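K.L.:
Using the sequences plus the hints, can you model the full thing?
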Amino acid sequence: MKKYSLLSLVRQSLNYHTGWERAWKSPEPKENYDVVIVGAGGHGLATAYYLGKNHGIKNVAILEKGWLGGGNTGRNTTIIRSNYLQDASAAIYEKSRSLYEILSQDLNYNIMFSPRGVMMLAQTHHEARGYQRINSANIIQGIKTEYITPERVKELCKIINIDCPRYPILGALWQPRGGTARHDAVAWGYARACSEMGMHIIQKCEVTGISQQNNGSLDIQTSRGSIRCNKLGMVVAGHSGVLAAQAGFRLPIESVALQALVSEPVKPCLDVVVMANTVHGYISQSDKGEMVIGGGADQYNNYSQRGSFIHIENTVRALVEMFPIISRLKMLRQWGGIVDMTGDRSPIISKTPVQNIFINCGWGTGGFKSIPGSGWAMAELMAKGEPGVLAEPFSLERFKEGRFIDESVAAGVAH
Amino acid sequence: MTVRLPTGGTVIDRSKPITFSFNGKKLRGYKGDTVASALLANNQQLVGRSFKYHRPRGIFASGPEEPNGLFTLGKGGKLEPNQVGSTTELTDGLEIQSQNHWPSLETDFGSVANVASRLLPAGFYYKTFMAPKQAWKHLFEPAIRQSAGLGKPPMDNDSDHYEHFYTHVDLLVVGGGIAGLLAARMLAPTGLKILLLEQTPYFGGRLIQDHDEFGGSSSGEWLTTTLEELSTHKNVTLRNRTSVAGVYDHGFVIADEKLPDPSDNSGYLKRRLWKIRTKRIVLATGAIERPLCFVGNDIPGVRLASGIRDFLQNYGVSPGDRTAVLTNNDDAYKTAIALTEIGLSVPLIMDTRMEIRGTLPTKARKMGIRVEPARGIGEVLGKKTVTGLEMCSQVGEGTSLEIIGCEAIAVSGGWSPTVHLWSHCNGKLKWDDSRTMFVPDWQKPPVDSQGKQNIFPIGSADGYLQLHDIPVQVETTVKFLAQEFEKPLTNLELPEAERITEEKCHGTWLVPFGMKPANRAKTWVDFQNDVKVSDIDLALLEGFESIEHSKRYTTLGMATDQGKTSNVNGIALVSHNLGVPMNKVGTTTFRPPYSPIPLGTIAGTAKQELFKPTRKTPIDAWHEANNAHWEPVSDWRRPYCYLLEGETVENAVNREALRVRTTVGMLDATTLGKILVKGRDAAKFLDMMYTNNMGTLKPGRCRYGLMCDENGFLMDDGVVARLDETTFLCHTTTGGADHIHGWMEDWLQCEWWDWRVFTANITDQYVQIGIAGPQAREVLEKLGEMGLSEEELPFMSWKKGRLAGFEVQVYRISFSGELSYEISIKASEGLELWKRIYEAGKEFSIEPYGTEALHVLRAEKGFIMIGDETDGTVIPQDLGLDWAISKKKDDFLGKRGQYRSFLTDPDRWRLVGLDVLDREEPLPHGVYAQSEDQCDFGHPRMEGRVTSTYYSPMLKRPIAMGLVERGPERMGEVLKFNSGGKMIKAKIVNHMFYDPDKEVQ
Amino acid sequence: MLKLLCPYCGVEADETELVSGGEAHLKREGPESSDEEFEEYLFLRDNPKGIIFERWRHAMGCGKWFHVARCTETMEVFGTYPAQTYKPPTKVLQEIKARRH
Amino acid sequence: MAESPAMGTPSLKLSDNTGMVLFRGELKSKTLQEGLFEVTKVKVPAKGRINSLDGLSIAWMSPDELLIFLPLGDVGKLIDALDDKLEGEETLIWDVSDLRSVFQIEGHFIREVLAKNSPADLNRDKMRRGTFRRTRFGQVAVAFWFKEETCWFLICRRSEAGYIQRLFEVSTQEGEIPSFY
Ligand SMILES: Cc1cc2nc3c(=O)[nH]c(=O)nc-3n(C[C@H](O)[C@H](O)[C@H](O)COP(=O)(O)OP(=O)(O)OC[C@H]3O[C@@H](n4cnc5c(N)ncnc54)[C@H](O)[C@@H]3O)c2cc1C
Ligand SMILES: NC(=O)c1ccc[n+]([C@@H]2O[C@H](COP(=O)([O-])OP(=O)(O)OC[C@H]3O[C@@H](n4cnc5c(N)ncnc54)[C@H](O)[C@@H]3O)[C@@H](O)[C@H]2O)c1
Ligand SMILES: Cc1cc2nc3c(=O)[nH]c(=O)nc-3n(C[C@H](O)[C@H](O)[C@H](O)COP(=O)(O)O)c2cc1C
Ligand SMILES: [Zn+2]
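Chains as they are written, first to last, in the numbering used here: chain V, 2 to 416; chain A, 36 to 1036; chain H, 2 to 102; chain C, 33 to 213.
Please keep in mind that the hints were generated in silico from the structure rather than gathered at the bench. Every value quoted in this text rests on a predicted model; they were computed, and no experiment measured them. We treat Cβ as the ideally placed atom computed from N, Cα and C, and that holds for glycine. A hint or two may mislead.
Claimed, not checked - Think about it this way: if two alpha-carbon atoms lie no more than 30 Å apart in a straight line, the pair counts; the simulated DSSO-like pairs of lysine-lysine are:
1) A:LYS168 / V:LYS159
2) A:LYS314 / H:LYS28
3) A:LYS733 / C:LYS109
4) A:LYS835 / C:LYS109
5) H:LYS28 / C:LYS60
6) A:LYS314 / C:LYS158
7) A:LYS187 / V:LYS155
8) A:LYS418 / V:LYS268
9) C:LYS79 / A:LYS522
10) C:LYS117 / A:LYS835
11) H:LYS88 / C:LYS60
12) A:LYS293 / C:LYS158
13) A:LYS269 / C:LYS179
14) V:LYS96 / A:LYS1022
15) V:LYS145 / V:LYS155
16) A:LYS172 / V:LYS145
17) A:LYS1017 / V:LYS145
18) V:LYS401 / V:LYS352
19) V:LYS205 / A:LYS168
20) V:LYS4 / A:LYS269
21) A:LYS269 / V:LYS54
22) A:LYS619 / V:LYS26
23) C:LYS60 / C:LYS117
24) V:LYS155 / A:LYS172
25) A:LYS870 / C:LYS45
What the hints assert, rightly or not - Here are the in silico distance ranges between beta carbons for each label pair:
26) A:LEU524 / H:GLU74: 45 to 51 Å
27) H:GLU74 / A:SER966: 50 to 56 Å
28) H:LEU27 / A:LYS168: 50 to 56 Å
29) H:LEU27 / C:LEU104: 53 to 59 Å
30) A:PRO138 / V:GLY57: 53 to 59 Å
31) H:LEU27 / A:TRP477: 54 to 60 Å
P.N.:
Set out below in structure tokens:
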């Protein structure tokens, strides 16, 4: 594969860019693979990538019912942070964030990781104490965060109104190495690297049925014929329940719509990511100039990839209140994704009731940031058949035991 | 030159001149002008710079599909970036600025990107800027951000106002063009509630521009009579300047109404968001013209043929003396004819089709216009404006056959029905090869809650471009709808229209067909985002074959116009390149809004003090007058403390807390939730809701109770008073009232619906006043009329009585550990009683205290606070509240959950007091204790955390509570709390710091 | 933006007047239940892509909980019915059958 | 179409003197219905309705809840009478006169002003005289009904009255009122 660099760009420009190779190949499915991953979102692709890179397993197919990266990976607000409270979460999200730092170089694909800093605003005393608590935990966990004053908030973010009459800003939890990345590029970069390792990315291939043979291997029915494998990874986010049903088990998951919107592009005026959980809204400005805005999830089960206008309204209302200047910017486009919410709002990386089937899901509203770390942990689980230290706490068993990993406790939400 | 013609202009009022400025230059226009028409009338052809390469850009279209003509309008609190010039009405004194250039529109340094454009194809940044690692964030990203972004954001707060308006109608007609008006007119007599919305200031759509006659009279007359007739029907509402923006599930539609600008600019209602519920939608949104792809097609002066016609006829603005036409269909001939009729020159019509036979071409030829079949444009000449073109063979590679001088080029690549709203809720499209357009697929329509089709496209929106086809087609739909609504239709009269035969539009996309690679990089598909034919080629070459991938790789259709003019061309190029039929390529997803809507409109009136409701107690004004420092507690506001002149918040809190401990303080406790629970099964019910036994509570007595969720986690607490055999009053936390009431109703309605229990949330009915402190009783006794002694009202009991002439209920309960009463009184009388108590208390130096002193007092006593000691993962057992968990009851909510292995783990963190060793400063909020050993993740293991921490003014030292691993078993042990790297030592102690033996209350 | 007919007050309630409450017809498991049964009751969900029976409360209205049969893909509604029942009424089941054939 | 109503915008004022009694019980029961009627002289309303006679109104709140409006001074008497009459019945009767605020709205275009803040269907065939609509106004729960087109009533939680007042003010002052109903 040709390496991407400024030099290759210059060279290609001489012949009008007609000499580039495909970023990923489009092979016909084989009959048999060592590992099949269902779902070519960020998590599925990263799982495949680290299976190859860390464990040398390369006879892998990634099956995608639509176009790769077209699920939540292609429709999220790209916030990356690791200032989580619980040890288990902090560990995997920080692993992920640190992998993001080097991902462009690792993949030879500029995924534009932009560690511009993420601030989570405290707008009630309760929330302020919650963030101080996370900050304290993060210090011990070795994650660099800081609890900052309203004045510092204003300094970092000129356009914010820290004196909102209803919910003045009392402080914020600030993670300077949090930020954003170009979401599509994350999927494309991983896909290119997987393809380069000889893995098969098979798009427009929907899994419609799963059955197990006596020898433990798995038969997968797809819209492009049946495929056999030794190990199967389900990494389909919002569709996890549907896929689990095909394999005969149920999950502690409900699929709901989460929406986002972008404004028209304007010149840079917001250099950090701001999240405000009391009023439900978060915002950052993309490199193209749009305000990328998201808020709360719709409450009812929904597979339509669109949500209710009321959530757009609530989110916009909250952000206009805090950033009065955006009142005169316009909503350019809104969309939705189907997110997989678990019983404790933390993810699942686990063995399943069916031997040789593994599942990675439940990232809900906050799994873009975890793509590299989750792929790393899932690959380890699938390669060894047993979870490593990162995945271990996220098993399905925890729901039976009542051993939740609850992040909402310190007033945090999970974007 | 583009100039104002001496006559013409159906929507401008030449008697009302207007002045405005463009980039500081004073210019003149007329009332009725749009920003775009006024600029063109002043020969302002260069209006902006493109997104990526900063290429010169001119007005391209005449409606919301405009990709280039975006401006920054106004200033200060009215500054508005990225306004579409062709949909913005000109107002007197308007200040218009062009965008995305530096230092000026004419000389833009950003256009170096243009020179380097070969280096910057689609997706170039994915391939570079990777080294060194830090450079992206610090060097490349800032540079890219700075050059992108179009207009500058406003820096002042918005000085305008917005509102919402809900409506419920039977039928929403979107579009006040021919089809929409006709449908409304036909259906009006049925009495159905009809709302017709039109985005422009006028009605009629393309009728006036494109047709002289309709319905047996002039088209103007037909329009006037139709509007007049519609105005006589009370069931029909017409609204202009209102753009329908989005269709959501179950017939919910939003529309954005621009209100006419009043002459004074002093803060007025600027826009209104319509929130419409409709049973059916008639989609009469017309069609949008597409351009063609040829070298230099982005140079100012190349414009949509229909747009040129609109400016000519609506605003009397000429495109220039000589306008060449490039088309693949008959419609563009109307432009040539109109220009010629008005006396302007059309040197040439290049038609990409081999044979040209239709009525309009014939007419054009008869008028002497030169028409060349099978011809295209090899290259447009000119830099900042068009100066001419090179004609070529459409089937060739672009060799120049002839040079034609012209100032404008009118382009038409066919029409695309405006189907956005059909697709917002999943209506599918299909490619119709014979009409070269995506049309609504009636087999896969959007559906309502009953699963029935709820959007009905008519007219051009359904792909009918010929006027004479439209009446019949509208009639069919109208009949269907009338039948669905079971309304008889009176005899429908179909307006007659001249029968013009138009020949088929040819599926031409690239001009010429055999364009060379070098030229593909000079041919634009998406003007605003600078997506060229070569970018699409590149995306496909690299495997971004799904149309969704090519969109995201090239940014095709992602600009402010959302690809209204470019998407179909892009899809066609993909289809050609891959050899895959259009239907297989498909479209990208249509998403709201159809045209961008201001965020302020979406927020509506909900801003500032109306951002969220603030609940206020009847004593609120008194608190305000007494210098309350407020705190939001759920939707309420409560005094955090009351500040005396010159006092800090900490001092105030300490003073208030001490006041309670030393003499007496008073608290507005009105916000505590109060839920009545009554009925034969009330006791049994509360025994399920609370972990402790409520059935054994005697009337007249109170009991502190805990509520858990089904997981077993502590959810709320409060005092329950038994009023009589079948009636209980349950107090909840301030934030918990609504939730707990809903929770109770949930169980009563959905699980135990045969139990006889009624509940009522009566929180607002009463003002609740807490009087606490050693002299509390003395204060109240001054008000007389009821006995409050230990014998008459022992701890944890309540009774009715009279105080200061008011009927009250007095509860002898304590959250401070002091002698304390809570007095409940009708809300309307609360303030008066509050004042009387305050008066009576003066001799004991009574002072009001706020929520923070309340917290200090309870912490001194080791009482837990929901939300501090609990966080949704804590069970009562963790807090040493086992005494409040009945062992006798078979069942209560949360009981089963608490059996699970993780909740019975002996290592759970449990509540203890924490005593800072150096005793100077309180422990910081939320700090964790770390042990010497490491956890699985390789950092020090955490073994406890602080849940509440205060300075106790009474004990004159810091106090804290916390949850610690096996805490109560480790009394006396010293823990190390990590505060920002600094280790603070604290000893595990009993958490009852003050009066542990309960001698006071 | 859903609109659901409250079976108690007959009002076509707007989504913003309602609160949703997840899957309906769950069986509460009490102190006698096994860990598996209890997990099932609290967490395991059908989460169907298709027809769901779910709970809604007419919160900004009569305050009553009711049940809805709805398609999670198309948002079609097949009927609403009072919450005091263990299974969907025949009428609703018939409606589903009629429309899904 | 889009002109300001010449008749002036509606106004909203608190009406202090209204007593309210909460009544919960099995409304389908004949005994309850008859007992209520004997005491109040007003028939138990059908769902979604309010019945009035001589200064006393009964509103349907839910299948097992009514709200009785009457002069403040008569509340005690009414409760006693109901308690007497319905002795032995399963009911919850409570003086809630201070629980909610009652507003009287007067003037023209009241439907329009309500429609700026409420998703309720305010068309004349849906929102009729005697309709008692519980819904939302802005972000809080309310109920409204009318005596005449130009005289409506609205109730909300007492603590939210200030919010309602301000929102109403904003909805009547700023800009035009679209004449729609
Ligand atoms: C609006 C929105 C905003 C968000 N904001 C953030 C944020 O700011 N920060 C953050 O960290 N996270 C955010 N998230 C969450 C984040 O997007 C997701 O957690 C993450 O992308 C999940 O990635 P995934 O690979 O698991 O799933 P996906 O990207 O959804 O991939 C799953 C894939 O599986 C495929 N699939 C499904 N069923 C089948 C089948 N039967 N056969 C074959 N293939 C199948 C799907 O087509 C899909 O491509 C947001 C999500 C949304 C919707
Ligand atoms: N011969 C051709 O090639 C050709 C092509 C296109 C149009 N036409 C002509 O177009 C006319 C068709 O009539 P029609 O009624 O279908 O279309 P129309 O263009 O006359 O009317 C459509 C109306 O809908 C409005 N509209 C569009 N989107 C809207 C939105 N989101 N919200 C509010 N308003 C919106 C437009 O402003 C316009 O007034 C005929 O005159 C026909 O001859 C002809
Ligand atoms: C971070 C981010 C930025 C986006 N910016 C734009 C944008 O500038 N213009 C645009 O049209 N869409 C933008 N989108 C939205 C996409 O067009 C698209 O709506 C989204 O990926 C969901 O896909 P779908 O609408 O095709 O279902 C953006 C999406 C994301 C996640
Ligand atoms: Zn109801």
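K.L.:
Hint by hint, say whether it matches the structure.
P.N.:
Hint check:
| no. | hint | result |
| --- | --- | --- |
| 1 | A:LYS168 / V:LYS159 | holds (27 Å) |
| 2 | A:LYS314 / H:LYS28 | violated (37 Å) |
| 3 | A:LYS733 / C:LYS109 | holds (28 Å) |
| 4 | A:LYS835 / C:LYS109 | holds (19 Å) |
| 5 | H:LYS28 / C:LYS60 | holds (29 Å) |
| 6 | A:LYS314 / C:LYS158 | holds (15 Å) |
| 7 | A:LYS187 / V:LYS155 | holds (20 Å) |
| 8 | A:LYS418 / V:LYS268 | holds (26 Å) |
| 9 | C:LYS79 / A:LYS522 | holds (28 Å) |
| 10 | C:LYS117 / A:LYS835 | holds (24 Å) |
| 11 | H:LYS88 / C:LYS60 | holds (24 Å) |
| 12 | A:LYS293 / C:LYS158 | holds (29 Å) |
| 13 | A:LYS269 / C:LYS179 | holds (23 Å) |
| 14 | V:LYS96 / A:LYS1022 | violated (35 Å) |
| 15 | V:LYS145 / V:LYS155 | holds (20 Å) |
| 16 | A:LYS172 / V:LYS145 | holds (18 Å) |
| 17 | A:LYS1017 / V:LYS145 | holds (15 Å) |
| 18 | V:LYS401 / V:LYS352 | holds (14 Å) |
| 19 | V:LYS205 / A:LYS168 | violated (36 Å) |
| 20 | V:LYS4 / A:LYS269 | violated (70 Å) |
| 21 | A:LYS269 / V:LYS54 | violated (72 Å) |
| 22 | A:LYS619 / V:LYS26 | holds (20 Å) |
| 23 | C:LYS60 / C:LYS117 | holds (17 Å) |
| 24 | V:LYS155 / A:LYS172 | holds (21 Å) |
| 25 | A:LYS870 / C:LYS45 | holds (26 Å) |
| 26 | A:LEU524 / H:GLU74: 45 to 51 Å | violated (35 Å) |
| 27 | H:GLU74 / A:SER966: 50 to 56 Å | holds (51 Å) |
| 28 | H:LEU27 / A:LYS168: 50 to 56 Å | holds (51 Å) |
| 29 | H:LEU27 / C:LEU104: 53 to 59 Å | violated (45 Å) |
| 30 | A:PRO138 / V:GLY57: 53 to 59 Å | holds (57 Å) |
| 31 | H:LEU27 / A:TRP477: 54 to 60 Å | violated (41 Å) |
Checked against the numbered hints given earlier, the structure breaks hints 2, 14, 19, 20, 21, 26, 29, 31 and satisfies all the rest.
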